[in-house]
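**Student:** Those sequence lines, one after another, are chains A and B.
For reference, each letter of the first sequence is one residue, going 0 to 158 in numbering that gives the first Met the number 0.
For reference, each letter of the second sequence is one residue, going 0 to 256 in numbering that gives the first Met the number 0.
Just so you know, these hints were derived from the structure itself, not from any lab.
These numbers come from a predicted model, not from an experiment.
There's no promise every hint is true.
[Said to hold, decoys possible] Straight-line Cα separation of at most 30 Å, BS3-like style, residue types lysine-lysine; simulated pairs: (1) B:K21 <-> B:K66; (2) B:K171 <-> A:K68; (3) A:K61 <-> B:K171; (4) B:K201 <-> A:K61; (5) B:K87 <-> A:K74; (6) A:K61 <-> B:K243; (7) B:K195 <-> A:K70; (8) A:K61 <-> B:K132; (9) A:K68 <-> B:K160; (10) B:K195 <-> B:K160; (11) A:K94 <-> B:K160; (12) B:K195 <-> B:K171; (13) B:K201 <-> A:K68; (14) B:K21 <-> B:K132; (15) B:K132 <-> B:K30.
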Amino acid sequence: MVSAEEVARIIEAYPADRRFALAAMQDMQNEFNYVPEEGLEMLAEHLGCPIAQLFAMATFYKALSLTPKGKHIIKICNGTACHIRGAMNLVTGVKRELNIEPGETTEDGLFSVEIVNCVGSCALAPVMLVDGIYHNKLRVEQVPGIIDSYRAKDGEQHD
Amino acid sequence: MSELVKEQIKVLIDGKECYCEKGEYLYDVAKRNDIFIPVLCRSDAFEDHRACCRVCIVEVETRGKSKVVTSCVYPIEEECTVYTQSEKIKEERAVVMALLAHRAPDSDVIGGMAEGMGGTEGFARLTPLEAGKCILCGLCVQACDSLGTGAISTVLRGTEKRVDTPYSNPSKACIGCLSCANVCPTGEIVFEENEKTRTIWKREFELVYCEECGALMGTKEMLERAAAETGVETPKVCDACRKKAMADEMMHTYRFV
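Taking the hints into account, I'd like the entire structure generated from these sequences.
**Tutor:** Take a look at the structure:
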C-alpha cells in the first residue's frame, strides 16, 4: 500500500502553488502506478485547493489513473494504419492471453492493456508497446510469446 | 463631457436605439432595454459567463459585415446593429435547441424551449442520450467554487463527462447550501428535504430552525461556515428576528431622546 511518507516526499518537492498539481500527480502515477485517494487529499491540503479540482484533473487526463495499473503496460496502437493492418486482432489476442479488456488490469497486477491512438510509427503497423518497447509488424501468433517473455523476466527476478 | 461618464455607444437592437458603455456585454444591454434573448447557462450571479449553451446567439452587423455571436460574452466595442430574431438566428437557434433537447431529453425547460423554437423535427436520426437533464454548462461547479466550497467538479471527459463529487462519495467539503441546485438552469441537481434533514450529493445535513420564530435558517454546516468566515458566533435566530431584537434594543436605548 501507499505510505503517507512517500506521498509527502513527492508532494513537498513542489511549492504550494496550484500550477504544480499536475506535475505532482504525474510523479505519484510514476511512483505508485496510480494516483491514490490519500495522495489527492494530501495534495489538496498542500496546495490549498479543493480536492474536487484535483479529482477533475485526475479523471480528465488518460495518463493518470485512479486505480492501480499493472507492472507492465501494454499499449496497442489503433491509429488508422494499425487499425487497417488488424490492430483489433491484437487486442483480441491479448485478451485471449490475459483475459482482460482494454483499460483493465490483470488480477496478479502484472499487466494493463490500453488502446492508444497512433504512436507515430505507422510504417511499422501494427504496433504494440510493452513498457515503451516497440513490437512492430506484429502478428497475433507472436502475442503470447511476447507476454510470456515479460512473465519469464519477472520470474527470474523473483528467483 | 465629464471624465466620470464614459463615452456612450449607440447600438440598434431589433430596431430599438440603445446606449451602452464600451465593453459592456450585448446580452446585458439588451436585457436593460427589455429585449428578450433566450439563455440557459447564463446567471446574473457571476461576472464571467460560461457561454456554452449557445442559445443566446444573435446576429451583429458592424460596418456592413454581419456575424453570429454569443451575446452573453460579446463585449460591444463600436456602434453596431443587432438582430435577435433574424431568419438566420432563428434557424441556428432551433438547431442548437434541438441538439440540447437530444442531449438532455428529460428536461422540460429545454423541451419547451426547443418546441417553441421550431421543434426537433429533422433530427430523428439522433438518439437522445440517457443523460437526464444536464447540459454540462458547469454553472453548479462555478457556484460551488465561487463560494469557496469546491465540493463538486466535472469528472471524466468527452462523452462520459459529468458533474460529481470526488469518487462519487459524499463530499466533506459540501455544506448543503443548495447553490448548485438553485443555479442549475434545467433542474438536474436534485435534493431531498424533510423536517429534520436535507440530502444532497448523497450527504445528509441537519436542518437548523430559528429559535425565535421557527423559520428555516439552513443547514448546520452552512451556518457554521458563514460564522467562521465572518468571525461571529453561530447565529441561533434568523435574520428577521435578529433585526427585530436589535430594533427593540435601539428603541429602549433612545426611548427618551
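**Student:** Take the hints in turn and mark each one as holding or not.
**Tutor:** Here is what the structure says about each hint:
no., hint, result
1, B:K21 <-> B:K66, "holds, 19 Å"
2, B:K171 <-> A:K68, "holds, 27 Å"
3, A:K61 <-> B:K171, "holds, 26 Å"
4, B:K201 <-> A:K61, "holds, 27 Å"
5, B:K87 <-> A:K74, "violated, 47 Å"
6, A:K61 <-> B:K243, "violated, 57 Å"
7, B:K195 <-> A:K70, "violated, 50 Å"
8, A:K61 <-> B:K132, "holds, 27 Å"
9, A:K68 <-> B:K160, "holds, 22 Å"
10, B:K195 <-> B:K160, "violated, 34 Å"
11, A:K94 <-> B:K160, "holds, 27 Å"
12, B:K195 <-> B:K171, "holds, 20 Å"
13, B:K201 <-> A:K68, "holds, 29 Å"
14, B:K21 <-> B:K132, "violated, 37 Å"
15, B:K132 <-> B:K30, "holds, 26 Å"
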